[in-house]
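As you go down the protein sequences, you meet chains A and B in turn.
Read in order, the letters of the first sequence correspond to residues 867 to 1291 in my numbering.
Read in order, the letters of the second sequence correspond to residues 24 to 177 in my numbering.
Quick caveat, the hints were computed from the structure, so don't treat them as lab data.
Errors might be hidden in some of the hints.
Said to hold, decoys possible - Below, a list of computed lysine to any residue pairs in the SDA-like style, where the Cα atoms sit at most 20 Å apart: (1) A:Lys1009 <-> A:Gly890; (2) A:Lys1113 <-> B:Thr158; (3) B:Lys37 <-> A:Glu999; (4) B:Lys37 <-> A:Glu981; (5) B:Lys37 <-> A:Gly1012; (6) A:Lys1249 <-> A:Lys1280; (7) A:Lys1208 <-> B:Ala88; (8) A:Lys1140 <-> A:Glu1118; (9) B:Lys177 <-> B:Tyr124; (10) A:Lys962 <-> B:Met24; (11) A:Lys1013 <-> A:Phe899; (12) B:Lys39 <-> A:Phe899; (13) A:Lys1013 <-> B:Lys39; (14) A:Lys1282 <-> B:Lys115; (15) B:Lys56 <-> A:Gln1028; (16) B:Lys115 <-> A:Ser1187; (17) A:Lys911 <-> A:Ala933.
These figures come from a predicted structure and were not determined experimentally.
Residue-level listing of the chains:
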Amino acid sequence: MEKILLKNTENADSADIDGYIKTGGYKGIPKAFKLKPSDIIEEIKKSGLRGRGGAGFPTGMKWSIAAADSKFPKYLVCNADEGEPGTFKDRHILEKNPHLLIEGMVISGFALGSEYGYIYLRGEYPHAKDILEKAIRQAYEKKFLGKGILGGKIKFHLAVYQGAGAYICGEETALIESLEGRRGHPRLKPPFPVNAGAWKMPTIVNNVETLSNVPYIIDAGAGAYSKIGSKDCPGTKLFSVSGCVEKPGVYELPMGISLREIIYTHAGGIRGGKKIKAVIPGGISTPVLPVDKIDCPMDFISIQKYGSMLGSGAVIVMDESVCMVKVAHRSMKFFEHESCGKCIPCREGTSWLEKILQRIEHGKGREDDLGLLSGIAETMLGKTFCQLGDGAACAMQSMLKHFRGEFEEHIKRKSKCQSSNAKKE
Amino acid sequence: MFTETVLKEIESIKTKYPNPRSALLPALYIAQKEFGWLSHEAMQCVAHAIDLPEAAVRGTASFYAMFKHNPMGRHLIQLCTNVSCMILGAEKLADFLKSKYGLESGGTTKDNRFSLMIMECIGSCGTGPAMLVNTDFYDNLTEKRIGEILNTYK
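Whenever a hint applies, use it, and build me the whole structure from the sequences.
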């Protein structure tokens, strides 16, 4: 399979503009500028590209709604607030292939009628910030960014905005609030950002990986792109594989590849010859899958039939030594810490899930605790302001559904969890 | 007080955005660097520079985990213990920092050399456990390696 996103990222100069141009980079911009903006949007629609941030919304559709809005200026915001635990794929693009993202944003800005782009980068990536800012400076010097791109009349300005450590800012409306210099509280929708986003203007928020697919689609055409991957979810996908595998890392593979193939063919199988127990397929806010479901095809649609979600494609593999109560507790501790506190079901729900799991883990669980956990999760589902609460509740329910015995055993045993969780020496 | 140079830097950041309030997060980062943490005085300076009420500055700053509201040691260790790092033994490393250096999350060593924050995921899940020391990034951590790394920060 031809690599689209990680092409040449193994070259030492992949993050440098000359290294990028040498391997065919920035060819998409002159090609795109010869087209009408509406034709580019049509091409993206035809390609079948879906947003890679987690929701899988068709990118072309999002773009056409924003393009149809006559208000001006319009803003193009790249969501580089990669915070879903288990995910490290956008960091790979940002550090190894930043010009691919810049090229994608220039083409997207032209298609959408936007002259201003912002990359909202998470605060925890100081190294990526330096690389990205250097890449932007180089792109300005070579006239791929600025007032007169390639000496013509098309403008596009790009700046990095550094977040400051809040998972919720990966939610697009919270991200916009943060970009405006406020607390990252999600906004009520509608209006959607495509009509009234940053500074009340039409704003298109796309993930790093989504925008990085754009140069290829323009250069090779929607037809070539839609032949890769699954029918309903074409293209390649970056999978961040972590946990108990021999070769963790970021893998670019066709959409629809099975979880089994990712783990055993690409990530080298389970470390130390142990048995696999479970997999979180898309970051910790997606439901866990037990071992009998690892033949699941990994795309936005197929995975739903297996009771989970693709999320950001963050595959966390757990072997037999990993305690699921501990995983559940650490996950809920995360959601409790990251809940923005705006709506009650999420703020209170995540906090109580964490407290109850902590006592179960410490051998102080009560008989009715499992009922309490599922009751709280049920109360949160669909009743929180944004997806954070839903994610926490779904993850909790899936742990109880597939590993109930392990929770019951912890409650019965009345002693602190003895699981070591594979230690690295 | 901010120096003239810092004030100029903040003014130039304001021009990048349609509304100067966007310069608040960058200005808080600058203040943190200048003062070491976001003291009352630091936030007052930010409020003046962006022309916002102090309450708005404090309200925004308190939302974000990377803004510090207490004095910190000379070097800030940020260790990830989230699921992927936990599976690879990050909790034992947190125990190690506690027993060897007396560091707990939010705490500072007596000699003011290190502060520790347990943080939520630094995007190094494949090569965990991972940490940041100031803005330097380290992964594939073991007790031995952490000891060696911290020795280089005086």
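Worksheet entry | Hint numbers not upheld by this structure, sorted from lowest to highest | Hint check: 2, 6, 8, 10, 12 fail, others pass.
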